[in-house]
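Engineer: The residues making up each chain are set out below.
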Amino acid sequence: MHVCDQRGLCLDMCPVNALTRRKNGVVWLDKDICIGCQACVGFCPIGAMRKADIRMEPFKCISCGACVRACPEKALELVEVKIANIKEVVYYKQGA
Amino acid sequence: MVEGQIAVEEYKTENTEHTWDLKKIQSAHKILKKILYKKGQVTKGYADRTLYVNLSNNEISEKPVTDEMKKKFTGGRGFGLKLMWDSCKPSTRWDSPENELLITTGPLCGTTQYAGSGKSLCLSVSPSTNIICDCNVGGFFGPYMKFAGFDALEIQGKATKDVIVVIDGEKGSVSIETAPLEETNTHLLAEQLTRMYASEDTEKSRQKVSVVSSGLAAEHSFWGCLNFSFYDIRRKVPRIKQAGRGGLGTVLRDKKIKAVVVKVERFDGVSNHPADPVALAKVGTKLHKEIRDLDRYQCNMRAVGTGHLVEIMDAYDLLPTENYRFGSFPKASKIYSPKFYELFTKIIPDGCWYGCTMACSKTVDGYTVMTGPYKGQKVTVDGPEYETIGACSNMSLWDPLWILEFNFYCDTYGIDTISAGTSIAFYMEMYEYGILNKERCDGLELCFGNADAALELLHRIARGDSGEFIIVAAKGARRVKDWINQHGWGDKHLVEDTGMESKGLEFSEYVTKESLAMQGGYGLTLKGPQHDEAWLIFMDMVNNAIPTFQMKAEALHYFPMWRTWFGLNGLCKLPWNDVEPADNAQTSEPSKVPEHVQN
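Chains L and W, in that order, give the protein sequences.
Under the numbering used here, read the first sequence as residues 9 to 104, first letter to last.
Under the numbering used here, read the second sequence as residues 26 to 624, first letter to last.
Quick caveat, the hints were computed from the structure, so don't treat them as lab data.
Using N, Cα and C, we set each Cβ at its ideal position, and we do this for glycine too.
Don't take every hint at face value.
[To be verified] Pairwise CB distance ranges, derived in the manner of DEER restraints:
{"hint": "1", "chain 1": "W", "residue 1": "S52", "chain 2": "L", "residue 2": "I94", "range": "50 to 56 Å"}
{"hint": "2", "chain 1": "W", "residue 1": "N83", "chain 2": "L", "residue 2": "I54", "range": "56 to 62 Å"}
{"hint": "3", "chain 1": "W", "residue 1": "A32", "chain 2": "L", "residue 2": "D13", "range": "18 to 24 Å"}
Just need the whole structure built from these sequences, with the hints factored in.
Structural biologist: Now the structure itself:
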């Protein structure tokens, strides 16, 4: 399990457009639109989309940086990356 | 074009766009009856009431679902059969006013976490067989109807003018309205009604509407199918899934129903109020992961849908070719799944219900229609699935584009690709033997491979052509056999043996003479030869999992019983055995996929 690196593979999994890429590059889940199908949870290759027992809609890291600021040892950092370099799409070419 | 991560708003299909004066069309509606109902909540998968509509006297009422009914019949086709038992008589035929058209859901229907949980079950007395036929179908209608407040919809009687039935889960109302100005063919009608009944002019609102419709050919043919719509926010068109077998669309049009519309107020992942949502999400996520990791090495459904079967069937002599004369053909590689893969739109969640990551509902977008009334227009073609490709190989059509053409017109005219394809293949073989000829076929040269003639036959059926052959041909293989025999045109035994039908229903697309188990399944099934209950050909001939007579007999007992269970609950069978856990082969009975039976 890893923290979300915003590669966006889940964007093409969402049937209701609850997952979108925001202007700052962050992949964002709108929980009001989400219908809790868990397709993004099941298909995330690094286990970054997660689900808590308390509600049906999943959650993920949105790179808000709160943990970076809170870490007393400064062991965490936020790194700027170009979306084009990390963007990934759902496999489909295999097999066929 | 970038092949993924396209924002929904920016996605384009290049389809021909239509503009209609929807206000004018809607203002022509006359409300024949409208009732308001109390909105309720679904509990553990049941809305606890069914909806009864009678079109002869414009009655609309609710019926309760009792605990005993749940215990005895579970739901889905079980509820459907119970309601039909209560309402029909032994003398009821497909066109009797008391014949019912039922659309039902099961307790698990509407679950979003587990792939393939959006199936509706449709039942009626079939025009082909005059026996009750049931079909399962995807699309949003069933789950939306349940979330709007009803486990089943029961339509009896006949209207005198074209009507639509509207279930508005937002306002809590059900109405019967005349619909004189709407189109009848599905690809236009579904779009008109989806736009008309969406609360707002947004993709999100349109996604909350689902339409059941048929088409012009269903009025003149016994092959009528029901098209269930599911709005695609990326393609911005309502897509469709078919309840194909048995002519249920013919019953719909015989009752003068143009469409049934349902609108849901809101729904989420727990609208079914399951007893244990946490366990459900865990099991569902486990299946998503299995599909993610294994589908590409197993069935490749996510890339090509059920079309992956074509090359397997061809390799094992099971692909029906030239009216089941051959099981394999030198040209077959032209219609293998990679050919359709090139045409399919990629990178879109293609499930026919939310959360189905099996995603077998592939489409070709921006397809340019080659014949008929929509010639030159660009449309979205839903499919083709294996059965449609098999129906075309049966007619010896080996061009993927003609297969798409056949698929598109069958869908929008509201006819079943299987029944139509198998029947036309029979007419073609009769033509080849000289038993039918150009004159007897009203000018159609129905030789094998003549796609133009096959499509022209569909267009003429849709137009209500009065040619003697066209009228009989539209009623399927059984009626054409009788017609040929009445005229004494060919050897009676040859005609009887050539037309692949049983009880009046045409065979679906497998060469059953190769597989005793499949042949048994087709012969023993109550509703006629279809592959819903006993799809054993793969385990029998490809996997060779049931080699002895005893094992085949066992399979003919176990699988129809087990597969019926899916129809009781509103589930799709594909996620059960079209993706198998990695260690399935090590289990004691791999063909039953024990791990998926357990969850």
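Engineer: List in ascending order the numbers of the hints, as given earlier, that are violated by the structure.
Structural biologist: none
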